[in-house]
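*Asks:* Read off the chains here:
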Amino acid sequence: MTREGWIRLLVIAAAVAALELACRLGWVPVTVVIPPSAMAASLVDILASGKHWADIVISLRSVAIAAVLSIGLGFLVGAVIHAWPLVRGAVEPLLASYYAVPTFMFYPVFIILFGVGPAAIVAIAVLLAIVSMISATLVGLDRIPLVLRKTARMMHMGPASRALLIGLPAALPHLFTGVKLAVAYAFIGVIASEFILSGAGMGYAIAYAYNNFDNREMYGLMLLIILVVTVVNTGLDAVDRRLQARLRR
Amino acid sequence: MSVSPAEVAVVPDTAMPHARLVGVTRVFSRRGKGEDIHALGPIDLDLKRGEFFSVVGPSGCGKSTLLDVLAGLATPTSGTAEFEGRPIAGVPAGVGAVFQEDASFPWLSVTDNVAFGLRRAGVDPAEIARRVDYAIGFMGLRGFADAYPAQLSGGMRQRVCIARTLVMQPRLILLDEPFGALDAQTRLLMGDELLRMWRETGATVLLITHALDEAAMLADRVGVMSARPGVFIDIVATGWDAERDSRIVSHPRFGDLTGHLWERLRVESLKHLREG
Ligand SMILES: Nc1ncnc2c1ncn2[C@@H]1O[C@H](COP(=O)(O)OP(=O)(O)OP(=O)(O)O)[C@@H](O)[C@H]1O
Ligand SMILES: [Mg+2]
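Chains as they are written, first to last, in numbering that gives the first Met the number 0: chain A, 0 to 248; chain B, 0 to 275.
In case anyone wonders, no lab produced these hints; they're calculated from the structure. None of the hints are false.
Label-pair distances were calculated between CB atoms; the ranges are:
#1 A:Tyr-98 <-> B:Gln-184: 52 to 58 Å
#2 A:Glu-91 <-> B:Arg-30: 16 to 22 Å
#3 B:Gln-184 <-> A:Ala-89: 51 to 57 Å
Each residue gets a CB set at the ideal place from its N, CA and C atoms; glycine is no exception.
Given the sequences, and given the hints that come with them, work out the whole structure.
*Replies:* Now the structure itself:
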């Protein structure tokens with residue numbers, strides 16, 4: 000591990016220890032935050048009892064569907080806009096200010112359209128995630144050097160193999176930035192929507208525990224989500240670093 | 000079995016120029032957003048089969064545009080371009096190009112970069128391995144066969160692109176300032192390699208360069224271009240024999256040659272400087 004890595008670990012450990020101490024000494028009442036050690040114990044109980052496995056599966060499935068839809072559709076929409084400079088000029092300012100809109104306020108619309116359940120949740124998550132993929136696609140396609148297209152033509156490659164064998168790998172490091180963002184937004188969209196739009200899932204389980212004053216369970220679930228997101232993000236980061244390493248200085 | 004007429008036509012006609020440009024111009028239309036850019040020409044040029052032709056000219060005079068026309072990547076606005084007796088429409092078979100910008104594929108290793116075109120063309124794997132290995136050795140990339148372009152210097156990446164073009168065994172090789180990223184000494188040595196390759200393959204070479212000594216040492220003929228729109232203001236035959244190498248830089252005639260080239264180019268380069 001790098002020096003920065005060790006320092007980072009130390010900072011996290013210090014923060015956790017400080018919270019533990021504050022809770023144990025009674026500076027923070029257990030009705031507000033429970034000690035991290037209790038959170039971990041609660042997490043172990045949750046996993047061992049298996050009572051939330053169904054919620055975990057439902058949430059992860061929604062995240063996966065939302066991420067795949069956002070990445071696939073976002074790439075397609077981005078590619079079409081990119082091929083059409085006039086349309087691009089018109090919509091790019093809209094894309095740039097898109098995240099100023101609090102997408103969640105549209106939740107009643109989605110309940111009307113899809114009813115309460117996974118479909119509405121996935122729809123909100125896609126709405127949140129897709130624009131980051133569209134923007135990344137526009138950037139990625141812009142960054143394909145013209146000289147690579149010339150080189151492909153010198154090799155007598157047609158438009159389809161040029162796009163697939165030259166354009167795509169050349170744009171991939173930039174596209175992957177969009178993939179990472181889309182996955183992050185899919186998590187946010189799904190978990191947050193489950194608070195209001197669902198009878199199942201990790202977000203719902205947290206809200207349920209909160210409403211029943213079950214702090215121990217609530218913090219155990221939160222810890223679980225943090226761990227899942229960290230694992231996913233670490234995996235994506237590893238791929239990202241490999242792709243970025245190939246870009247020229 | 001009788002010989003079909005098509006096969007007869009393949010026999011090279013030594014009297015016919017290998018590539019021919021007649022009255023070629025290229026104008027970039029700005030579609031109403033300001034004046035059109037007259038980038039090149041009119042250019043008349045006959046490249047003899049197997050000759051080494053060098054082009055020098057002030058920056059922005061249309062050298063790369065000239066290369067695009069010969070490569071079939073750009074159509075002349077007026078005039079005609081031919082390769083091996085046929086009009087150039089699209090990239091002709093048998094033409095290879097190394098561009099001014101780095102065109103190595105960053106997602107492929109050096110070996111895969113060099114083999115890319117051969118694999119696309121469906122060449123037999125054993126033959127690919129043989130040619131790629133030879134080209135990598137030839138270009139001094141032996142220790143870097145498994146490296147990725149991001150791990151190489153600019154000059155080495157350009158050598159990857161040259162190797163990738165050479166393995167296709169083109170009959171006309173177009174090179175756009177391929178040694179621009181190299182220091183003067185390495186450049187001379189790479190020039191020697193280029194001459195060796197040229198003698199070995201018998202290909203016709205068109206080399207664009209901004210180094211007058213490079214042009215004078217490598218070429219059979221040097222074409223000097225005016226400031227934009229570039230036309231040939233002089234074409235100088237160097238008179239070297241084919242077995243030349245970088246040691247001719249100490250030949251008394253070498254100084255005369257570069258002196259003459261600079262004489263012709265100085266005025267044009269000044270124009271470029273003044274007009275920006
Ligand atoms: N696609 C294009 N659209 C508009 N103008 C262009 C385009 N390509 C080149 N030009 C212009 O045409 C002129 C000739 O360009 P070109 O690249 O052929 O010059 P060059 O001699 O290769 O220059 P350098 O020595 O800098 O490589 C320049 O003024 C350039 O700005
Ligand atoms: Mg150029």
